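For the protein sequence lines, the chains are A and B, in the order given. Residue numbering for the first sequence follows the numbering used here, starting at 1 and increasing by one per position. Residue numbering for the second sequence follows the numbering used here, starting at 1001 and increasing by one per position.
To give a feel for the contact side, a few chain A residues facing chain B, derived at Cβ under 7 Å:
1. Ile10
2. Val106
3. Pro107
4. Leu113
In case anyone wonders, no lab produced these hints; they're calculated from the structure. Because the structure is a prediction, the values reported are computed rather than measured. All C-beta atoms, glycine included, are put in the ideal place defined by N, C-alpha and C.
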Amino acid sequence: MKSFKNQFLITMPSFLWLVIFYALPVFIVFLLAFKPVDPYGGIGGGWSLATLRNLSDPSYPVIIWRTVWLGVVSTAVSIIIAIPIAYHLAKMSSRLRNIVLMLIIVPFWTNFLIRIFAWKVFLNPEGFFRRSLVYIGLIPEETMLLYNQWAVLAVMIYTYLPYAILPIYAAAEKFDFALLDAAKDLGAGSFTAFRKVFLPSISKSIGVAVMVVLIPALGAYLIPDLVGGPTSEMIGDKIAQSVFTERNLPHASALSAILMITVFLPLLLLMFFRKICNNNGAESEKVPRIGVKK
Amino acid sequence: MKKCNRSSRFPMIVTIITLIFLYAPLVVVSISSFNNSKYGGAWRGFSFRWYEKLFTDATIWEALVNTLFVALIATFFSTLLGTLAALALYRGKGKLQLFHYALVYSPLVVPDILMGISLLLLFVTTIGIGAKIGLSFELGMTTIIIAHITFCLSYVTMVVLGRLQDFDHSLIEAAQDLGANALQIFFKVTLPIIAPAIIAGALFAFTLSIDDFVITFFVKGAGDTTLPIYIQSAMRRGTPAVINALSVVFLILTFILVFTSQKLLEKKK
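Model the full assembly from the supplied sequences, consistent with the hints where possible.
Take a look at the structure:
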């Protein structure tokens, strides 16, 4: 009985904190989507469907599509790059591996704002990189590298790539490379061996990588805001605009509800898929974030 | 044999190109920080002026102090709450812990912006209710700290729970057999075992707090600046050269931090 009481006492602080500052706010997001806005930028009384009706603005499907497109492409590219890197890292001598791992982790630990700033300097119209490209004739004189979708995509990949590399590397490190030699002895080509032996054994970590890259990528706001232009806005930018520029909180909460659904849909699908595969969920959830900043 | 060699070169090439991709912008920023030119671009001679400006700029120092203040308080409370949560989740079973588990783990997969907006809406609603009954709150340092505790908590729990799940439970049973009570077991067995994880979790929370821009931006009051907020507002006006110098300072600190933590981990092995 006493142990039950202790148990209850150590559960309550974090439990109550998260109910008040996490679960309740999420609930409010959905609730406020049904509230009218008052003229002073606050929340009006009563209930209204006006906010939801405003969502039929023709610009939204384009923005939602762009958000999904940028999220999926940056995830796919990050993972396609991460697999050979993880493979290479796992096969390296441990001395060299520690150096390369450190080189991958350092930009990742560097302040997020600083990383975006670095890209702004790097792609600067007067900067060394653009002028070299113009000089060797790769791009015409008037091409701007900043403030478009490609800049957003590049910075997103730059930001999320380590999230993809670390879990896949953690799985590749445990892979027994003698299996690849065995496959080759049995007559498989290098690529076939890679595809039929290596890839299936790291598939779970690829699933984790998809999750940890796609979710923040869909919610990206700062990257399109700082290196993108008006034609590369994502849902995140629209949420921020309706909070800080239009001062329309109900509208912001309706957009957030859409983003929340967009984010959790693939997650639920993934969990469903996992259940079918009969994997140990708790075990694999541990992998990504701890691995990330160790 | 030749074929085998060719196949093993591809991953190496991808790794090298990726490292160039990761470092090219950082190298350009480092070089620019010594450029005498005001707005970057063409080289106008070597100079330390941006470093001088960085260390004498009062707004940057104020932002730094705020950042550290928020990070220290948020780290303390999130480590405390997060560790308790890990202990509860490790021992407990039943419906309550299942719900607790979902509460702790789902913030990890929520994008920053959703956490920011939902906390802002909570604070705005509370301020609205408060105004009606004659209490006044405002957005400010307190709301920033509350938000930081909230998003750091789950990471601490994850790190500490990971450690708890790895350790040998029979140690606790042995202590029980030897007649130790719950408190003795906690302080003499459990705490020493999870102490490194608590420290790792606290460091993690501290880093996350210092790094955060998005959530802070949503819940801060009008005049509050942290370092990321300062950098963002400076960037809206272009690419001011003083941020180049700030970036280099950050990069050097990060290198030292990662290098030391790698060395510490190596020694343990």
